[in-house]
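Generate the whole structure from the sequences, applying the supplied hints.
Going line by line, the protein sequences match chains A and D.
Under the numbering used here, the first residue of the first sequence carries the number 63, and numbering increases by one thereafter.
Under the numbering used here, the first residue of the second sequence carries the number 316, and numbering increases by one thereafter.
A portion of the hints provided could be inaccurate.
Claimed, not checked - With beta-carbon atoms standing in for the labels, derived distance ranges: (1) D:Trp-754 <-> A:Glu-120: 48 to 56 Å; (2) D:Glu-537 <-> A:Asp-267: 55 to 63 Å; (3) A:Glu-419 <-> D:Arg-492: 53 to 61 Å.
To be verified - Covered by chain D, per the in silico footprint, the following chain A stretches (three or more residues, Cβ under 8 Å): (4) 121-131; (5) 138-146; (6) 170-181; (7) 198-209; (8) 238-247.
What the hints contain is simulated information worked out from the structure, not anything from laboratory work.
A virtual CB, placed ideally from N, CA and C, is assigned to each residue, including glycine.
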Amino acid sequence: MDWGFWLPQIMLFSSLIPALVIFLLRDEQFWLRTSLNLGGSAVKLVLAGIMAWGVLAEGRTYEASLPFLHNQELVLRVEPLSLMLVGLSSVLWFITTIYAIGYLENSPNRTRFFGFFSLCVTATIGIALAGNLITFLIFYEMLSVVTYPLVVHRGTPAALAAGRTYLLYTLGGGVLLLLGIIWLQVLAGPVSFEPGGTIDFLLDDHRTELTVIFGLLIAGLGVKAAIVPLHRWLPEAMIAPAPVSALLHAVAVVKAGAYGIVRVVYDVYGLELSNQLNVLLPLALFAGFTIIYGSVRALGEFDLKRRLAYSTVSQVSYIALGTALLGPAATVGATVHLIHQGIMKITLFFCAGVFAEARHIHDIREMSGVGRSMPLTMSAFTLGAFGMIGVPPLAGFVSKWYLGIGSLESNAPWVIVILVASSVMNAAYFLPIVYKGWFGEPHEEIDVVEAERFQVAEAPWSLLGPALATAGISLLAGLLAAWAYSPLSLAEIVANQRMISP
Amino acid sequence: MSLAGIWVILIPLICGLAAFAVGGRSARVIGLIGAGLTFLLSGLLVLHVWQSGVWIYQLGGWDVPLGISLRADGLSAFLIGMTGAVGLGISLYAVRYFEDEDEALTPDPSPDPSAPLRTGAGRGGTEVWLPGTSYWPLWMLLWASLNVLFLSNDIFNLYVGLELLTLASVALIILQREQAAIVAGLRYLLAAFLGSMAYLLGVALIYADAGVLDLGLLADAELTGTATQVAGGLMAVGLLLKAALFPLHFWLPAAHSSAPAPVSAALSALVVKGAFYLLIRLWFEVFESAGTVSVEQMIGALGAVAIVVGSFQAIRQARLKLMIAYSTVAQVGYLFIMIPLAGSFGDPEASWRFEAWTGGLYHALSHGFAKASMFLAAGVLLSALGHDRVWHLAGSASRFPVIYLSFGIAGMSLMGLPPSAGFVGKWLMLRSAVESGQWWWVVILLVGGLLTAGYVAIVLSQAIQHDVEEHTEPHPVPKLMTVMVFALAAMSLLLGLRAAEPLELLEIGAPFQTLMSMVED
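Here's what the structure looks like:
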């Protein structure tokens, strides 16, 4: 059996098959559904480990091509860059599944929820493994569709309105992407992802077209990556249950957009061509503006999840900004942030979900003193928040450090200004929460009896555990950044593959 | 195996007659056997064409022009295969559907005061009209006439197939003898007869001019002149009327939506494709030289208007079956975008022609499965809830999860979202439009997808909406019906995951100078 061919496919099926079986179950079949979920995500985790070992330690390649259309194949390929998103989604799917089981234990329509949840991860893995543009497109659109039932899961008018906005934006983005891809393929034939790009030969005859196509592709991807002005759906989608928001913001949707931008810039156009077309400065400007805009908006929000959502708008654009800078260090910073933003943001959303479930806290002004009764949750939240601000030695610091160096390398000192301003604002919207949570007086409206107000009353382990786990990972990712298998080392490999002259 | 092409016509015909002769409940058994056999024979025919290329059979051993020939190339096999698979799905669904229906109409020994919804004719009398028994002979006749249409190789035989198809369709629409259905059915009959007459007139003119009826001989004759142009025009208008291209679609929504669910599914998924098939067969093979760029662009423009108007009408509908019927109007529009793309615009040897042609046909295939699934899904909801009002579906997603899942999958295919068969069709047509530089069709193809998303999302979001009212327990629906709804939707998805082989099938005998396999990217 050719493992190089089968492993990437099994990787997809490890969540696709549980999804399909779950759809056939009834809501009450808790154990069967849970074992399918956990079994599938465990298999995926193990496979991700095997493939990471194979690619990094033994230099293997895993690739599967399946016939699709005439001279157009579906390609699934495992290489360092895809490994980053694969690793991130495998780990976080496993953790989020545990969280979601705890979170939704008694709510209706669990079958539908977990079925689409698994499909969502399948689509993300497909995006990660896509070895050419058409495969990427297929899973990218599949992701748009399977996320919709999760966003509107609660079925309230607000959820349905958010779902409408989500569909409008994401399908609209899909149309732009589809057009860009078709146009490019008409010019260049099937386009596969190769470090350095494969379409340089079009430069002489098709300069204008290439520029327009770049715009279409980035606009299509920018919707999911929530680049201003295409970001509006993201804060709306906050209405979804916490595990969905967690996955949406950390792994699935926004990450698919950012990952796509990385792919298009480095592996379709390539550095050389992007540079000659002068398309990267506009991208950097949009991303920079988004970083500032997201932070400013986050400052004005008092709903915890909405503040976190605007924080995501801001943070994800670090990836696009680093990509657009084109230096080796900036590339490292951008790609490592794919992972770092994910683990930090998922921690924050897990905690927000815990606060909402256990204390009915939705507004940050209600968080006063919550750290006294929920010290572990608050610790996880604090780690996540500090990471986002970029406090050393947390994961966020590593990303920002490399982005900063990268901006100097690429002679774009204005980026430093953006990074500093954004960090200051990160601190301005996270520190008050942290301060109030630990040192504020417990709020009187909290429905806990006076005597119990200072007692420790954490949420159940199925909710708390995942939050602590991801907080721990984001600490380790910073502390052990120099380790050979850390996200940073992986990002360095990715960057090295894509730099012609460092 | 080489005779599968004959049996694929004869078996449904024989079974239809037998079901008619036997009548009663056994009609169902005969119909089901007929459906199973026809499905298998369709599969055999596809396999035969796939392995040995174009199949030609001289009836009675007489050569053309004296005799009549049957012919199956990749296109015929493609559509016969689709009809076989969709037809089997509809048949299995219909077994339980009409069983249910007939039971409700059979007078109970102990009369139930809470009368069922239907007040069909004959109710309460001694002679009870059971739609189920009449369904099978007519459905078999319809299936046979579709296969006649796909296999006939001369323009008069094609007329006969077309006429049989119309008669069977009309009879099926008025099966339940309801006022609305009878009105819609009669209007359909008049429109369809008008179409047939126009077509027949065209046939007569051609015969007078060329003296032959065989498609191959007509193509070789390279007809020109006024008579041919008038004939071509008449035939085209007749077929456009039957294929319901805007503005000739006026009869479709009422006819397709007032029929019983298995009939609606067959009409929208298959019957419309019959007229469309004939049109493109003639357009690209017989009247090849007659089409001018401006005529083609005009037909494409009608298709574009159909997409926009049909989709907006679908969005506005309050009843699910009408919404789905208007969706057919829009989707038919997509099929006709193929005409300007594959027509005489630009370089005659360009590969985009064949791309558009296959894209359009793949769209027809995807629409066949998806639309059948949608109408059957609406049938399940109608018989379970007693209504199909879109704005009163709140909360039904939890009770019919598989139905809505299927509806969503079918909707994806209609929108052309990957991974689905609809995506393959749209991809090929878009490619063709970009390659040939006809940007206006790119815009309409893309916008059409978004409009489709509009009405599909309305239904799904209504269904998913949290239910505030207490509802009465829905009427139980046989499981087989739900399974068929899902199976058809799943097919529309699976055909999008592996399109290489069906596309290759279409290359067999295709009327284009440059096929896709000849292009090296």
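Hints, one by one, checked against the model:
no. : hint                                : verdict
1   : D:Trp-754 <-> A:Glu-120: 48 to 56 Å : holds, 49 Å
2   : D:Glu-537 <-> A:Asp-267: 55 to 63 Å : violated, 39 Å
3   : A:Glu-419 <-> D:Arg-492: 53 to 61 Å : holds, 57 Å
4   : 121-131                             : holds (count 4)
5   : 138-146                             : violated (count 0)
6   : 170-181                             : holds (count 4)
7   : 198-209                             : holds (count 6)
8   : 238-247                             : holds (count 5)
The structure is inconsistent with the numbered hints 2 and 5, although it conforms to all the rest.
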